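*Asks:* Here is what each chain is made of, one letter per residue.
Number of protein chains: 2
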Amino acid sequence: MRFPRPHPNISGIKQEELRRHNLSLLLRYVHLAGPTQRATLTAQTGLNRSTIGALAADLASTAGLVREESPEVRSGAGRPSFVVVPETERYQVLAFDLRVDRIVGARVGLGGTVLSRDVVPLLPDCRDFDEVVKLTATTARRLVDALGPQARCVGVGIATPAVVRGSDGFVRFAPNLGWEERPFGEALGVALADVLPGSMLDDAGVLVANDADLGALAEQARGVARGHDDIVYLSGNVGVGAGIICGGRPLRGHGGYAGEAGHMVVNPAGQRCRCGARGCWETEVGTDAVLRAAGHEPGDGTTVQDIVASAQAGSPRARWALDEVSRWLAVGVGNLVNLFNPELVIFGGELRDLLALMEHDIVSRMGAGGLTVSREHVALVPSALGGDSALFGAAELAFARLLDDPLGVATSLAAMGG
Amino acid sequence: MRFPRPHPNISGIKQEELRRHNLSLLLRYVHLAGPTQRATLTAQTGLNRSTIGALAADLASTAGLVREESPEVRSGAGRPSFVVVPETERYQVLAFDLRVDRIVGARVGLGGTVLSRDVVPLLPDCRDFDEVVKLTATTARRLVDALGPQARCVGVGIATPAVVRGSDGFVRFAPNLGWEERPFGEALGVALADVLPGSMLDDAGVLVANDADLGALAEQARGVARGHDDIVYLSGNVGVGAGIICGGRPLRGHGGYAGEAGHMVVNPAGQRCRCGARGCWETEVGTDAVLRAAGHEPGDGTTVQDIVASAQAGSPRARWALDEVSRWLAVGVGNLVNLFNPELVIFGGELRDLLALMEHDIVSRMGAGGLTVSREHVALVPSALGGDSALFGAAELAFARLLDDPLGVATSLAAMGG
DNA sequence: ACGAATATGTTCTGCCGCACAACTTAGCAT
DNA sequence: ATGCTAAGTTGTGCGGCAGAACATATTCGT
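So the sequences go chain by chain: A and B.
Just so we're aligned, residue 605 is where the first sequence starts under the working numbering, counting upward by one.
Just so we're aligned, residue 605 is where the second sequence starts under the working numbering, counting upward by one.
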C-alpha cells in the first residue's frame, strides 16, 4: 500500500527542534505582548524557572534579540522578576502596504513598534508594474538609510490588493492595479538586493501577500482579535477580500489563494462582475456598488465615507443605498459565519464605516434566517488598526521567519552581514 | 499591557512531549499506512535507526499496540527490515453512523480494518431521541460481545446528521432527525457506561460529530484525499453539509459548527429553507430539490439515484431537473473553491451520483465565471469510501486520542480495566 | 528598624531522549 | 563460500529540561 503523506507533520521532533520551539515561543511572546516578566513567562509556558532563565539568556547574549531589565514598578512581596524586553531598535523589518492610490512603507521594530513611516502617492498613471517596483525600492532605500548603526533588517513584507501565490509572491490577478500574472515577489527581490546587502533576501526574498490576509494577521497579533483563534477579517478597499484565521492559523488553501470572499456569488440575478460571474459579493457591497446605489458615478471623487456621512445627515437616497448594501452585507457575512463559525467578523477598510452605521441592520437581517447556532457567539466588530492593519500584517509576515527560528536566523544573519 | 493568548500553542514543549509526539507519529503512520518496514519509518520521519527501534519496541512491549514481524517478501540486498504491524485485533473502537433511516455500527481495529458490522433500521417513528440512544446502546452491546478476549475498546465515535457542539457532542440542531438541543453525547455516555466498563468513556465520553466533518476526516485518512491538506468534502444526505480540511487540519470553528455549507445563501430569490432564510444551497441542490425539480414529491419513495438513472435513460424531465440542480451546484462549489482554494472537492452521499452524470456541466459552469486562479488546480471527485465515509470517520475520531498519546492512553486503560 | 515571609533568580545534579559510531546480523550476488 | 549491502543492536555522548538547594531582593508585620 502506497502512502504519500500520512500527516501534516510527518517528521519526528528532535531535541534541537525542541529548543528552537521554546526559544521561538519566548521571543514571539515578548514580540506580541511587549516587555514581560520572566515569572510570567514561566507561568504561561509551564516551563521551569531555570529553563526560562536559560532561554532568555540565550536570546539575550547569543543574538541580542532581547534584553533583561529590572522592573520599574514593583508590586507584591518577593524578589522582583526581571523583565524581558524585545530589542526593538536592533531587529527591524520593512513593511509595505501597496494600495491603489499610494504606497505606505514603514520600519517596524521587534515588538511591533513603528519606527518610521513613509507614504508615496501613486498617481493613476504610475500603477505600472515596473514603476511600482521602482518606487517601492526607493522607499525602501530611504527607510534603510534611517536604520541605526546597530540595526539589522531581518525581513521585508508587502501587502497587495491582489491574488498572490503563497510560495513566491507571484501576483496572479490584481484588477485594481491592472496587473495580471506578474512576478512581483521576484522583481522586488531583485530591486531590493542592493538596497539590502547581506539581509535575509537571499534566503526568502521579499514576502508578498494579500492585503486582507495580512489584515487578519495583524488584527490577531495586535488588534481586536488578540486571543481569538477563529476570525474572519473583511477588507473593503474598492474590492472585497477576506482574511481568515481558523484554529489560530491563517487559512491559506492549496495555492495560497483562499479567502476570495469578494467573488462569492450571493445574487445570481445581480450585476456582472469583472471576474465574469454574476452577483459576486463585491459587486453588491464593494465601493462602486455603494457609490452607484447612492447615485454617484465611481471615480467622481465621492467616497463611501461621504455616503455614510450624508446618510447620517439624513439624506434619504444615501440611507436607501446603505440599506440596500447592508442587505447584501448580511447575506455574505451570514454565509461566512455559517462556513467558518468564527468568534469575530472584523470589518476593515471602508466596511468599517459601513458597520459603524449599519451594524444593527446587518445583525437583525442575519438573525432573520440561517442557522442561529453558528451566529449566537459571533461578534461584528470594526478593525482596531484602522487603515494600518495590512501594513502591520506585512510587518508580522516579515518577522515570521525570525520568530520561528530566532537563533538560527539571527546568527546566520550575523555571519552574512555583520 | 494585558495579553490573553499570544499563540495557539502557548505551552512550552518538554522532553516527555517530544517522546509522546514521536510515538504518536509512528503509531499514526502504521494505523494509516498499514504494516510498514522500520527502514521506511526511519526514512520518513528523519529519526535515527536506533530511535525508531526504541520507539517501536516501546509501542510493542509496553502496550502491545504494534508487533514486529519479519517481512515475507524480500527484495534487494541487505538485511531485511522488520515490519511494524498495528495490533488490529487488540485495539479496537466502536464506530457508528447515525442516519435518518438506520444506524450502522462497526467494530474497527487499529489500522482501520472493519472487524464486524451491524445495521439497525430506523423506522420513521423510532427517531425519537431516547429510542435512538437505546438502539445505539444495544447495538454497542452486540459489538462489544464480539470483542475477543485480548481486545480492548479504546473509544467510541458516532457520526450524526446534525449540528453538533464540538466540546461535548451536544446536538444543537438535527432537522432530519427532528432533534433540537439534545445532549446526545452525554446520553450516549450514560447509556454505554455499563456496556463498556473500564473503557475510555470516563475520560472523554462518546465522541459525537457531524457526519460531513467525519466524512472529510475519513477521506483524508483512507480515501481519495490521502496526502492532500486542503479539501472540501460535500455530504449530500437529504441535507447538504461540508466537512472542510485546511492545512491538514479539520476546520472546526469556534463552537465546532464550521462547514454549514448547506445554509449558504446562493439564490436570494429562491425557496424558503427550514432555517428561515431564502435560497439556501440545500434548498437548491438537496435531495428534495432534485426530486421536486424532476416532478416527484419528496417521500414518494423516489431517490436521487432514480432520477439520475432516468436521466441516463433519456428522460427529458429528469435531464432538465439535473441540469437545473447542476447550475446551483456549480454556484455553491464555486463559492467554496473561492473561499477555501482546495485541491479536491469530494462529492459524497447522493451528490456522488450527481457528480457522476453532471461533472462536465458543473465544471464548465464554474469556468464561466469567478476567479480562474483558485479553480485551476481543483479537482471534483467522488467519495472513495462511498456510503461508509462517515462511519470510517467516526472510527478515526474514536482512535484520535489513542493516536495522540499512545502509551498514556494504553497504560491508563490497562490500569483501569485489565 | 529589623526579621519573617515571599517570590524569584541561580547553580548543580540528574534524568531522559535522541544521534552517532561501532559492531552484528541477515539476505543477496557472484 | 565469500563479499557486499542494508538494516538491526548496543554503548556512548550530548543537549535539554526538571527539580532541589541555595542565594537574593523586595514587602509585610510588629
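Hints may contain errors.
Cross-link-like lysine to aspartate or glutamate pairs, in silico, DMTMM-like; alpha carbons within 20 angstroms at most [as the list claims (entries may be wrong)]: (1) Lys-618(B) with Glu-621(A); (2) Lys-618(B) with Glu-980(A); (3) Lys-618(A) with Asp-662(B); (4) Lys-618(A) with Asp-749(B); (5) Lys-738(B) with Asp-749(B).
Calculated from the structure, these hints are not laboratory results.
A quick note: this is a predicted structure, and the numbers were derived from the prediction, not measured.
*Asks:* If a hint holds in the structure, say so; if it doesn't, say that too.
*Replies:* Here's how the hints hold up against the structure:
{"no.": "1", "hint": "Lys-618(B) with Glu-621(A)", "verdict": "holds, 11 angstroms"}
{"no.": "2", "hint": "Lys-618(B) with Glu-980(A)", "verdict": "violated, 38 angstroms"}
{"no.": "3", "hint": "Lys-618(A) with Asp-662(B)", "verdict": "holds, 17 angstroms"}
{"no.": "4", "hint": "Lys-618(A) with Asp-749(B)", "verdict": "violated, 43 angstroms"}
{"no.": "5", "hint": "Lys-738(B) with Asp-749(B)", "verdict": "holds, 17 angstroms"}
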